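Whenever a hint applies, use it, and build me the whole structure from the sequences.
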Amino acid sequence: MSSRNDAFAKLSADLGLSFDGEIKVGGNYVAALRHENQVFISGQVPRVGSEVKFTGRVGAELSLAQARQAAQISIMRAIALLQRSLDGDLGHVKQILRMNVYVQSADHFTQQSEVADAASELLYSLFGAAGTHARTSVGVYQLPKNAAVEIDLQAAVE
Amino acid sequence: MSSRNDAFAKLSADLGLSFDGEIKVGGNYVAALRHENQVFISGQVPRVGSEVKFTGRVGAELSLAQARQAAQISIMRAIALLQRSLDGDLGHVKQILRMNVYVQSADHFTQQSEVADAASELLYSLFGAAGTHARTSVGVYQLPKNAAVEIDLQAAVE
Amino acid sequence: MSSRNDAFAKLSADLGLSFDGEIKVGGNYVAALRHENQVFISGQVPRVGSEVKFTGRVGAELSLAQARQAAQISIMRAIALLQRSLDGDLGHVKQILRMNVYVQSADHFTQQSEVADAASELLYSLFGAAGTHARTSVGVYQLPKNAAVEIDLQAAVE
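Protein chains in written order, with my numbering: chain A, 1042 to 1199; chain B, 1042 to 1199; chain C, 1042 to 1199.
Please note that a few of the clues may not be correct.
Put simply, identical chains are the same to the list, so a pair is met inside one copy or across any two.
[Said to hold, decoys possible] Calculated cross-link-like contacts (lysine to any residue; reagent style SDA-like; alpha-carbon spacing at most 25 Å):
hint, residue 1, residue 2
1, K1094, T1151
2, K1186, A1101
3, K1186, S1091
4, K1186, G1062
5, K1186, D1130
6, K1135, G1169
7, K1094, N1078
8, K1186, E1092
9, K1135, S1043
10, K1094, A1048
11, K1094, L1052
12, K1135, G1097
13, K1186, Y1165
14, K1135, N1069
15, K1051, N1069
16, K1094, H1076
17, K1186, A1106
18, K1135, S1053
19, K1186, T1173
20, K1135, V1093
21, K1186, N1046
22, K1094, S1043
These are calculated hints, taken from the structure and not from any lab test. As the structure is a prediction and not an experimental result, all values here were calculated from the model.
Quick look at the structure:
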């Protein structure tokens, strides 16, 4: 099922994203935890290298379109972490179980679902039926590093 | 164990709620995901049909009592989805594991637990010991569609 | 593995914390739910006895240092609950799977990760590799009882 790896590589290139060798976290937690047949991905902001690509409040400093781009980067980063936790093979993903999407929102911005849709669409395009998932999207007041979006994942793997 | 189905139908009627044939989401995620012996329910706002019944900030536009009604609709909707994912039989619910309650809160409103209690009480009334659950309730800045409350669930099933 | 119990007792004493006989919740949900080989801990605020030790917005009424103390109390409380759900023996913890950290944040406060680090460090100091975990930290608008921090946990146990 390396076709998923190929699709992910192509999508990364199309979006101009590369996460090679640069996803680090502090030593006291992990970006991706595998336990038995599940992987838990820590909350990911739209960071590439050391730069958070979209900062600010969605609905004020950022548009819906920009927030959707931010969601795409966050979910791509989450998928990159998932891939690493599976010895590089996304073919081992059995089912995406749950995705939580946190949107740093301006007062009166209520399109959090439309932001999350960008990540859901990307999961579906890569994984098909195995990529359909339960999800929760909410608008929060502040995110780490003033990020526009933060996304975490839980997946069943084999 | 169809007695749970009966109790749910009676409670729906008492609350004046009907979710027949109307819970749809976009094609890229699912309202309820069953994987092996667990079901994950996506975040539910207090929507019946196409209408979100309670919108606005709790503690400003909405009272605690109204927020509790909103929580009841959200959890009833979540239970309706759970029922569908179990071929219509709530008797297959082994244990409600976790509930997350997000309350769209006004500044200085700190009774998110009291809002969540309305949903917890309803789960307990329907499922008894199998309905006791771990939960987290927080006050967020904005919810999709300006909903007052959003609730998600994770359940063990057989 | 009672050494973990000893380490937890020592850390409680060092921090001046005691949770003996006082962690109660309403009857319709539970502070800790064990189901098969997992334990789900409900969201914990920095409460000792009946008092929430740190209230207010982090970045305004509270400093980062105070928020980190709040996170330590919340995670200690979560660990105390985990211990009780395991017949008093933290040696049965196989892996901390996920921690969610909610920080009641002032406008422009974006150091939620640094707050969460205090809890992650504590988990690692007590559990070692079994204490590394996936985590999500976000800044929310209001927390129950005006608490500065709320933390929940999911753990694999044996």
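Exercise. Broken hints, numbered, in rising order?
Worked result: Going through the list in order, the structure violates hints 5, 7, 12, 16, 20, 21, 22 and respects the others.
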